[in-house]
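> Here is how the chains run, residue by residue.
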Amino acid sequence: MTHPFLFLQWLEAQLHTHVGEHVTYAWLVMLILIAVAFVVSRGIKMIPGTLQNLMESVIGGIEGLLVETMGPKGKAYFPLIATFALFILVSNLIGLVPGLYPPTANLNTNAALALTVFAMTHIIGVKEHGISYLKHFMGPVLVLAPLVFVIEIIGHIARPLSLSLRLFGNMYGHEIVLMIFFALVPLFLPIPMMLMGVLVAFIQAFVFTLLAMIYIAGALEEAH
Amino acid sequence: MTFFAWCVLAAGLGMGLGSVGTGIGQGIAIRSACEGVARNPNASGKILTTMMIGLAMVESLAIYVFVVCMIILFANPFTAQVMELASK
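Those protein sequences? They're chains A and X, same order as listed.
Our numbering puts the first residue of the first sequence at 935, with every later residue one more than the last.
Our numbering puts the first residue of the second sequence at 10, with every later residue one more than the last.
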């Protein structure tokens, strides 16, 4: 149901290993990101070259968005958020290259990312507020606390579910639409869908990052 | 085999119904965003960001329907039972 030929899957078959293509392609994305980060951070110059300019604008953009959404307190979580943004963006975009498979088109990768966000929000909340973090779940009136507590727990469990399913559905749906169009008319017709895929890749990476930021900011702020 | 025919029908109808609601919701959101930009073009950046978040939220409903349809079509949990019953 996905790409007709995946070179890492072929490589795996040659080596007789069974890791799964979403894992191997996630490793590929990690390798790309680490290599680019290493190359750029080794050769920092006063007058930036092309690659350094690009990376500076990307990192600056993410940082601006972070400060705008989370306030100055959120700057401590910049590495986490920027990693999410870059990893998801690159994962989404490599799906448009023939022979590559987007790791985010598999629910397992997205569940890992979303559960990281889920765990981090609560760890940050407990670290920031201590035991009074529980006030976040109690609502404004103490009498209604048991009712609000149940609703809040359901809401918090729904977060990783919706985060992972949204990314998975978008990427997997895009893959399937491309496959169907490719089967119907292989020439030229998939091109507009692939253009839309670039848009979807950027928007989904943006939405995931922004929601992660909003969730962490929600854990950071005082209980109302 | 009628089971699988009904499965395909359910997936198609479900996806259609899911997209109707999502389409109406997204249309309303985009209309409001357009009105907002027309009244105050300076706020277009903020409106665009907020609208994108809202659209992604609304879109996730259609995505849930899509995931359920894919489960019905390709990963149906009752396939083994039905095949067992059919082979009897």
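One or more of the hints may lead you astray.
[Unchecked claim] Mimicking DSSO-like on lysine-lysine, the simulated pairs with C-alpha atoms at most 30 Å apart in a straight line are:
no. : chain 1 : residue 1 : chain 2 : residue 2
1   : A       : Lys979    : A       : Lys1061
2   : A       : Lys1009   : X       : Lys97
3   : A       : Lys1007   : A       : Lys1061
4   : A       : Lys1007   : A       : Lys1069
5   : X       : Lys97     : A       : Lys1007
6   : A       : Lys979    : A       : Lys1009
[What the hints assert, rightly or not] Computed spacing ranges between beta-carbons, pair by pair:
no. : chain 1 : residue 1 : chain 2 : residue 2 : range
7   : A       : Gly1089   : X       : Leu82     : 26 to 32 Å
8   : A       : Met1113   : X       : Val91     : 22 to 28 Å
9   : X       : Leu82     : A       : Ile968    : 51 to 57 Å
10  : X       : Phe13     : A       : Val1111   : 18 to 24 Å
11  : X       : Phe13     : A       : Gly994    : 31 to 37 Å
12  : A       : Met1128   : X       : Pro50     : 40 to 46 Å
13  : X       : Phe12     : A       : Leu1081   : 37 to 43 Å
14  : X       : Ile37     : A       : Val957    : 37 to 43 Å
These are calculated hints, taken from the structure and not from any lab test.
The C-beta atom is built at its ideal place from N, Cα and C for all residues, glycine as well.
> Evaluate each hint against the coordinates.
Against the structure, the hints come out as follows:
{"no.": "1", "hint": "A:Lys979 / A:Lys1061", "result": "violated (38 Å)"}
{"no.": "2", "hint": "A:Lys1009 / X:Lys97", "result": "violated (64 Å)"}
{"no.": "3", "hint": "A:Lys1007 / A:Lys1061", "result": "holds (13 Å)"}
{"no.": "4", "hint": "A:Lys1007 / A:Lys1069", "result": "holds (20 Å)"}
{"no.": "5", "hint": "X:Lys97 / A:Lys1007", "result": "violated (66 Å)"}
{"no.": "6", "hint": "A:Lys979 / A:Lys1009", "result": "holds (25 Å)"}
{"no.": "7", "hint": "A:Gly1089 / X:Leu82: 26 to 32 Å", "result": "holds (30 Å)"}
{"no.": "8", "hint": "A:Met1113 / X:Val91: 22 to 28 Å", "result": "holds (26 Å)"}
{"no.": "9", "hint": "X:Leu82 / A:Ile968: 51 to 57 Å", "result": "violated (38 Å)"}
{"no.": "10", "hint": "X:Phe13 / A:Val1111: 18 to 24 Å", "result": "holds (23 Å)"}
{"no.": "11", "hint": "X:Phe13 / A:Gly994: 31 to 37 Å", "result": "violated (53 Å)"}
{"no.": "12", "hint": "A:Met1128 / X:Pro50: 40 to 46 Å", "result": "violated (32 Å)"}
{"no.": "13", "hint": "X:Phe12 / A:Leu1081: 37 to 43 Å", "result": "holds (42 Å)"}
{"no.": "14", "hint": "X:Ile37 / A:Val957: 37 to 43 Å", "result": "holds (41 Å)"}
When held up to the earlier numbered hints, the structure conflicts with 1, 2, 5, 9, 11 and 12 and fits the remainder.
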